[in-house]
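Protein chains in written order, with this note's numbering: chain A, 1 to 114; chain B, 1 to 114.
Honestly, I wouldn't trust all of these hints.
[What the hints assert, rightly or not] In silico SDA-like pairs for lysine to any residue, Cα to Cα no more than 20 angstroms straight-line:
#  : chain 1 : residue 1 : chain 2 : residue 2
1  : B       : K101      : A       : P8
2  : B       : K69       : B       : D85
3  : B       : K69       : A       : R67
4  : B       : K49       : A       : A97
5  : A       : K57       : A       : S27
6  : B       : K69       : A       : S86
7  : B       : K106      : A       : E75
8  : A       : K13       : A       : R30
9  : B       : K101      : A       : S86
10 : B       : K101      : A       : S79
11 : B       : K101      : A       : N56
12 : A       : K57       : B       : F104
13 : B       : K106      : A       : P107
14 : B       : K101      : A       : K13
15 : B       : K106      : A       : G42
16 : B       : K106      : A       : S79
17 : B       : K101      : B       : Y50
[As the list claims (entries may be wrong)] Each pair of labels, with its calculated beta carbon distance range:
#  : chain 1 : residue 1 : chain 2 : residue 2 : range
18 : B       : H111      : A       : N59       : 16 to 22 angstroms
19 : B       : N41       : A       : R15       : 40 to 46 angstroms
20 : A       : G84       : B       : S26       : 23 to 29 angstroms
To be clear, the hints were calculated from the coordinates, so they are not data collected in a lab.
As the structure is a prediction and not an experimental result, all values here were calculated from the model.
For every residue, glycine included, the Cβ atom is placed at its ideal position computed from N, Cα and C.
For reference, the chains in residue letters:
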Amino acid sequence: KAGVTQTPRYLIKTRGQQVTLSCSPISGHRSVSWYQQTPGQGLQFLFEYFSETQRNKGNFPGRFSGRQFSNSRSEMNVSTLELGDSALYLCASSLGATGPNEQFFGPGTRLTVL
Amino acid sequence: AQSVTQLDSQVPVFEEAPVELRCNYSSSVSVYLFWYVQYPNQGLQLLLKYLSGSTLVESINGFEAEFNKSQTSFHLRKPSVHISDTAEYFCAVSDRGRDDKIIFGKGTRLHILP
Chain A
1 KAGVTQTPRY LIKTRGQQVT LSCSPISGHR SVSWYQQTPG QGLQFLFEYF SETQRNKGNF
61 PGRFSGRQFS NSRSEMNVST LELGDSALYL CASSLGATGP NEQFFGPGTR LTVL
Chain B
1 AQSVTQLDSQ VPVFEEAPVE LRCNYSSSVS VYLFWYVQYP NQGLQLLLKY LSGSTLVESI
61 NGFEAEFNKS QTSFHLRKPS VHISDTAEYF CAVSDRGRDD KIIFGKGTRL HILP
């Protein structure tokens, strides 16, 4: 079974631009979560999508948004990029059923904002 | 709100020596507990988890963690580390019966010294 894939792996943008990151979950997984990882703040939860609906949301500004498609693939978008948005963005998929769901992480997309 | 504290941001230890990575969480309600490991340039992988039952859980590569409800701790230990254990380790907690959102600690970077 293929793991979680994220594209692109690396991205360089300039301030003010917008960016879209993509995540393909493990086949059969219906939940996709997004995290931002930085050296200073560690791993911070952005949002979770389950069956095309946002189920949980972290404390990030509205510039960060996401969506999930009917095949469970998910995208996240960051508009009006700021230098502080430079980070490793991790996607994780899980079955999404009630109870403890093991999350399977992708390798991440490293975003650099210049 | 639930929170996770990993007291040590970095832990240096000599090869073949024992190690303990500390993790405390804030809420004493019923929880699920996890340790994830992130090797260089990779996403996170589940190392071990506590859901219920025996308070001592083990991983396949020699790590173990003990759930201590009274101290709200879930410390990770290994009796003899190997150079291949060099990685960042994240403790995570999820409240039972709520939104199953997983809260991660800031991580502990384990440095194995030759």
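Evaluated hints:
With a C-alpha separation of about 26 angstroms, the suggested pair B:K101 and A:P8 falls outside the 20 angstroms cut-off, and the hint is violated. Of the supplied pair hints, the one linking B:K69 and B:D85 is violated, its CA atoms being roughly 27 angstroms apart against a limit of 20 angstroms. Proposed proximity of B:K69 and A:R67 is contradicted: the alpha carbons are some 38 angstroms apart, above 20 angstroms. Straight-line distance between C-alpha atoms of B:K49 and A:A97 comes to about 17 angstroms, which keeps the hinted pair within the 20 angstroms bound.
Restraint check: the Cα-Cα separation between A:K57 and A:S27 comes to about 23 angstroms, which exceeds 20 angstroms; the hinted pair is violated. For the proposed pair B:K69 and A:S86, the alpha carbon gap of about 38 angstroms is over 20 angstroms, so the pair is violated. A C-alpha spacing of about 25 angstroms is found between B:K106 and A:E75, which places the hinted pair above 20 angstroms, so the restraint is violated. Taking the CA atoms of A:K13 and A:R30, the gap is near 30 angstroms; set against the 20 angstroms cutoff, the hint is violated.
Using a Cα cut-off of 20 angstroms, the hinted pair B:K101 and A:S86 is violated, with the two alpha carbons roughly 24 angstroms apart. About 25 angstroms separates the Cα atoms of B:K101 and A:S79, which puts this hinted pair outside 20 angstroms; it is violated. A distance of roughly 7 angstroms separates the Cα atoms of B:K101 and A:N56; the hinted pair therefore holds under the 20 angstroms criterion. Taken as a hint, the A:K57 and B:F104 pair is honoured in the structure, with Cα atoms around 14 angstroms apart against an allowance of 20 angstroms.
Among the hinted pairs, B:K106 with A:P107 is consistent with the structure: their alpha-carbon atoms are about 18 angstroms apart, no more than 20 angstroms. For the given pair, B:K101 sits about 30 angstroms from A:K13 by alpha-carbon distance, which is inconsistent with the 20 angstroms threshold. Pair hint B:K106 plus A:G42 holds up; C-alpha atoms about 5 angstroms apart against a cutoff of 20 angstroms. A C-alpha spacing of about 26 angstroms is found between B:K106 and A:S79, which places the hinted pair above 20 angstroms, so the restraint is violated.
Of the pairs offered as hints, the one joining B:K101 and B:Y50 holds, with about 16 angstroms between alpha carbons and a cut-off of 20 angstroms not exceeded. Checked against the hint of 16 to 22 angstroms, the C-beta distance between B:H111 and A:N59 comes to roughly 31 angstroms, which is inconsistent with it. About 26 angstroms separates the C-beta atoms of B:N41 and A:R15, a value inconsistent with the hinted range of 40 to 46 angstroms. Hint check: A:G84 to B:S26, Cβ distance near 26 angstroms, so the stated range 23 to 29 angstroms holds.
Hints 1, 2, 3, 5, 6, 7, 8, 9, 10, 14, 16, 18, 19 from the list above are not met by this structure, while the remaining hints are.
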